[in-house]
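Dock chain B against the given chain A, drawing on the hints supplied.
Going down the list, the sequences are from chains A and B.
The first sequence runs contiguously to residue 646 in this note's numbering.
The second sequence runs contiguously to residue 646 in this note's numbering.
These are computed hints drawn from the structure, not numbers from a lab.
Given the structure is predicted, the values throughout are model-derived calculations rather than measurements.
Check each hint, because a few of them may be wrong.
The list cannot tell twin chains apart, which means a pair is met if one copy fits it or any two copies do.
As the list claims (entries may be wrong) - Dumping the calculated DSSO-like pairs for lysine-lysine here, alpha-carbon to alpha-carbon at most 30 Å:
(1) LYS443 with LYS555
(2) LYS338 with LYS102
(3) LYS443 with LYS412
(4) LYS290 with LYS360
(5) LYS3 with LYS51
Number of protein chains: 2
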Amino acid sequence: MTKHIVIESIWPCVDGGRSPIKRVVGDTIAVEADIFRDGREIIRAVLKWRKKWDEKYQESPMVPLINDRWRGEFTVTENTRTMYTLEAWTDPFASWREDFLKRMPQEPRLECEIKEGIRLIQTVLARAKAADKKFLNDVIKKLDGDGHRFEPICALLKDERLLGIMTRLGERADAVTSTPEMEVIVDRERALVGAWYEMFVHSQGTVPGKMGTFADAKKRLPDIRSMGFDVVYLAPIHPIGVTSRKGPNNALKAGPNDPGCPWAVGGKKGGHTAIHPALGTLEDFDDFVKAAKESGMEIALDFAVQCSPDHPWVKDHPDWFYKRPDGSIKCAENPPNKYEDIYPLNFDAADWRRIWVEMKEVLLFWIQHGVKIFRVDNPHNKPVYFWQWLIEEIQSEYPDVIFLAEAFTRPKIMKALSKAGFTQSYTYFTWRQSKYDFAEYMKELTQSGVQEYFRPNFFTNTHDVLSPILQQGGRPAFKTRLVLAAFLSPSYGIYSGYELCENQAVPGTEEYLNSEKYEIKIRDWNKPGHIKDYIKMVNRIRSENRALQQLNNLKFFHAENDQILLFGKKTADNSNIILVAVNLDPFHVQETSGFIPAGDIGARPGGSFEVVDLITGQRFTWTEKIFIKLDPQGEPAHILRVEKKF
Amino acid sequence: MTKHIVIESIWPCVDGGRSPIKRVVGDTIAVEADIFRDGREIIRAVLKWRKKWDEKYQESPMVPLINDRWRGEFTVTENTRTMYTLEAWTDPFASWREDFLKRMPQEPRLECEIKEGIRLIQTVLARAKAADKKFLNDVIKKLDGDGHRFEPICALLKDERLLGIMTRLGERADAVTSTPEMEVIVDRERALVGAWYEMFVHSQGTVPGKMGTFADAKKRLPDIRSMGFDVVYLAPIHPIGVTSRKGPNNALKAGPNDPGCPWAVGGKKGGHTAIHPALGTLEDFDDFVKAAKESGMEIALDFAVQCSPDHPWVKDHPDWFYKRPDGSIKCAENPPNKYEDIYPLNFDAADWRRIWVEMKEVLLFWIQHGVKIFRVDNPHNKPVYFWQWLIEEIQSEYPDVIFLAEAFTRPKIMKALSKAGFTQSYTYFTWRQSKYDFAEYMKELTQSGVQEYFRPNFFTNTHDVLSPILQQGGRPAFKTRLVLAAFLSPSYGIYSGYELCENQAVPGTEEYLNSEKYEIKIRDWNKPGHIKDYIKMVNRIRSENRALQQLNNLKFFHAENDQILLFGKKTADNSNIILVAVNLDPFHVQETSGFIPAGDIGARPGGSFEVVDLITGQRFTWTEKIFIKLDPQGEPAHILRVEKKF
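Excised from the complex, chain A in its bound form (with noise of 0.2 Å):
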C-alpha cells in the first residue's frame, strides 16, 4: 500500500530522539507532533508506549488542535524505562461519512455512494462481537433499505456510536510509525523532589584529631533530619593511600595523623567497595544506612572513579592506568598541577570493558547495602558513553537508583552528561547572583528544551566552592543564597557548615580554609548565629507546597529593583500558589515596587488577592501592582502563599 502519512516536529523529543527525556512516576506526558497526509482524508493517530524491556504498547488516542498538530498524553506509573511512538492511520470509512454529510441531497447517484459506505461497513464485521455486530447489521440494512433518502441516512450517520465502532474496529492499513522510538527515563520522586546535605564521616567526631566515626555520624543524624534534609550525601568513606597523601590546606607531604584526602581512593585495606577501618566496620555502615532510613532519609554515596597510588587495582590490574614511558604510573594532572595522590583509570586501556564491568560491580556491592544514590565525582573526566553504558545497565536492575554528575564543566558537556542518563547534575548555580544571571539561567534549564533531560541540583556551597557572595555577605547572605537554592530548584543541597554560616575561605580563592577534604574538623552545630531554624523553615515550607516540588512550573514577575528578584511558582490547576521575594543584596535594605498579573496566578486580571506571609504568618491583601521592602538583617526574603483570590 502507498504510504501516505507523515508524522514530524514530534515534542518532548531530545536530539531527534537520540536521547531520552526524564519524568518521574506519576507524570503525566503531553505529546504533540504534526501528523497529516495528502488530499482530505481522515486520519487517526495513537500515543504508544511500552516499558523499554518489554514488547507489549499501550496507546491512547491523540486528537487534533489546529494546523495539522496532534495532542496525546499518557501518565507514567511505574519507575522504569519507558518508550513512546506515534502511530497514525487513515480512516476510509470517517472520511466517507464526511464527504456524505456534506452532499447534496438531490445529487445523482446518491445510491452508489451509500453502497461506498456500506462496504466500508461490512469490511469490520468479521471483526464486530455480539452487540457491535447487531448493530452495524442493523445500520446497513438501513443504509440499504431506505429508499437511499438522505436526510435519514444523514441522521444516522450522525450517530456517535457508528463512527465510535469503525474507529475501534477499521483496519490501520496504512499505519505509520515514526522512527526512531523515544524514550523516558520514568524516576522515583527523589530524582526531582529532594533536600540535600553533604557531610563527610571524619567529622562527624566530638574528640579533637579523632576520626568520627558512623556511630558519630548516626547521632547527627536527628539534628539533620530536624532540619527538614531528605538525603545525606557522604564523601569517601573507603581507605585512603598513604602514597603521597597531602596535609592541611592540600599540603604536598602529610604529617603523620593527616587523614589524607577521601577522594584518594584506595589503600591497604580495600579499594572502592572497603570501608575506611577508622569510620568503622560495613556493619557499622550498615547500621548507619538503616538509621538515616528509619529517620525518613537516605544516603548518597560519592562515586569517583580514581584511586590512590595504594589502591588494590594498581597491583591487580596495572593495566588499567596510564603508563609512562619508564613504566611508572602517571598520576593524574592539569599540568603545571599534579595531584600525585590520585591515579586516573585509563579508559582508553586494551582492558577497558573489564574498568566498565569493575565499576559496576562496585555500584551493585552498595547497591546491596542499601545505597540508591550516588553522588558521581568529575564524570566530565570519563566518556559519556561509558555512563551511558553503566547507568542503563545499573538502572535495567535498579530503576529506583540516582545518580548525581558533580560536573561543575562547560556547558555542553555538562548537558551531555544529563542527555547520557544523569538523574540530576550540579550546576552553574553557585556563580549566578544577579537578577540578569537567574533570569538567563532560569529561562535556560526551565524553559529552552533542556528542562527535558536536565534536571539541576543547586547547592548553595560544596567542600570546594565557597562563593565569594558566602565569604563577604554574612549570614544574611547564607539566608537568600539559602532562599534561592531551595526555591528556585526542586532538588538543592547545602554542604556541612553552611547552618553555621562558616565563611572562611584561602585568600582569592573559593575553597575552604583548613578544609576538611585534608583534615578533621569538631564542630559545635548550635555554636551562636547559626541558620538551623531558618533552614528548618524552608524545607518545611518546601514539603508543604507542592509548586515549590516543581522545576518548570517557574516565572519571574517585574520588580523595578535589580537588587530585589521577584519570582511564583504554582501549580498547574492554580491550588497552591507561591510567590517569593528575595533581595540580592546582602548588605543594604532594598526596596521595589513590582507587578504580579493577577491572571498569572489565576486571579481575574486587575484582580487582588489576598497572601499569607509563611515567615511571620501575617496576612496582606495585595492587587497587582506591590511594593516590597527587604532588610537584610530582618528578612531578606519574602515567602508568601496566595490564599484568596478577589
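This is chain B only, laid out in the frame that chain A set:
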C-alpha cells in the same frame, strides 16, 4: 578503543537530518556543530562531503569557535545531490604538546615526559615521507639529545611545522562520524533566481474564437523576453477531454466550440505525452522550446497528475482509478463540489508502483524534448512519498530538472513537499498585505530554519488567484505587488494579463471573470495603461544587482507609517546594497520617517550614505533618519542603490 567524542547540534540540518537542505552551485555551506569529549585532550574535526552516488569523500578542517562549537565550510561546485558529515578524533600529540608547554622547567621526571612525546612522534614515522620523515627524525634526535633542557624543547615544540605534520599524519584512532549523514540538494542557479511568466498557448493567437498555436506563442517570445523574464510557464498543452467538458466561467456544460479546461488532461489524441492537435505538433513544440532557449528563456511545463474521462489510461488501465461500487470511475470531488471532467489517479491501487513509474516516464518524455522545469499541479493531493521518490529518480539522472510545487495548501504539508524534494514552492504571498503580514511571513521564510529547504516563488497572480487588492487597487497595486514579489523573493512570477492590469473577477471571488481556463482569450498586448516598461525596469534591476538574487539577506527597517514597507538586501561583502520602500496603500499618498542603521549597510554607525534612485536616476545623500513620501499615482515605490558611504 573506548568511544570518547560527541558530535551534536549540527547546523544546517532539517528534522535531525531526515530531509535534505538546498543550495545552488557555487554556494559555500558553513556547517557548525558541538564537538567535545571528556577530559582535556585536544580534538580535531573535519567536515566531509561526497556526491550522493559516489563513495569518495573530500574533507576540510573544522575550527573551534567558542564553548565547544566548531565550524567548517565547503563549496558545492556541481549540480548534484551531495552528502555531508562530520568526523572528529583525539589528537594525542597535540594534547601532549600542550601539556608539556604548560609544565614547570624544574618539574621532576621531565625526561619521562619527553620520551612520551618521542613515542608519539615515532607512531607516525612510518607514514611520513621524504622531507617530513627527515624533519621528524631530527626532532626526535633533538628531543632525546639535548640534555632534556626545558626551554630549547619548548622552542622546538612551538615550531608549527611539527604540529602540522603530526596533525596531518596522526592516526584517527578514536574517530567518530556524525550520523545520520546529511544531504544537500545542489541545484543550478535557476532554482533560486528567476522571473516567471505564465501563459496559455491557446490565448496567444490573434483571431477571435481560434485557438492560438505554438507558432503564435513563438511570436510572443521577444515581447516576453524584452520584459526581462527567464521562464515561460505554459498551462497544460495536452489533448483535452470532451466528456463532461466545462464551458466558460466553469459552466457545467460546454458549447460545441468551447476548448475545455487544459487540466482535464487527455483525449482521443492522447494523454500526458501528447500535444493538443489545435496547438500544433510535437515538432512545433520542439521548435517553440528551441526559440525560447535562443532568446535566453526556458519553458516550464505543467505536470498535472490527473486525467479527463477520455484519457487513454482510463481505457488501458482502468485499475489505476477509484472504482465506485457500481463499477464506474469516481471523479474528483470536494463535497459538495464535483469535478466531473477530472478523474484522479488512485495511488492506493494494487498496481500503484506502475503508476509511479508511468509518471516518471511522462517526465522523461518531456525532458527528452528539452523541458527542465515542471510546475506541478496540486501536489498536496498525491502522497508526499511519491514525490520524494519521483524527484530523486529524475534528479539522479537529470540534476538540472526543477520542480515547482503548486501547493496552496496548509503550511505543514506545503513544507513537507519541499522537504520531500520540490525545488521551489508557491506561497501565501498573494494573501500577505499588511506590514505585519510581511514581517511575520518573511521572517518565517528567511530566518526560521525553513530557508534551509523551502524556496518561495512569489506569484503576483495566477490563473486561479486574482487577489482583492489587485481587483480594487488598479495600476498602483499592480506596480507595488510586482515590486514586492520581485524584490522580496529571488524567484517570482506573473500570470499573463498582469502586464495589462487585468482585474475583472467573478464577483465575490478571487477567480478571473471569463477565465482563459475555460475559453480562448485574444488580447492587445500593448493596450493603453499597460505596465510592461515598469516590469522591464524591475527585471533589469533584479538582474543587475546580485543582492536581489538572494533570499536570506532580507532585512526590514523601521518606518513609522504602517502603510510603508521599508526593506533592504545586500551582498555579504557590502558591494551591492539595495533599499526598497513600498507604499502598501494603492489609494493614498503616504509619507513616513524611517530609520536605516548605517551599520546595517556597511557604513560607519551614525554615518551617511549616497543613494541613487534606480527609477529616476536621482541621487540623494541620506543619514540614518530618512523621510519618504510615496504617491501611488506617481511612483508607489522607491528602489535605491547605496553608492557611497561616508
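### Query
Tell me, which hint numbers fail for this structure?
none
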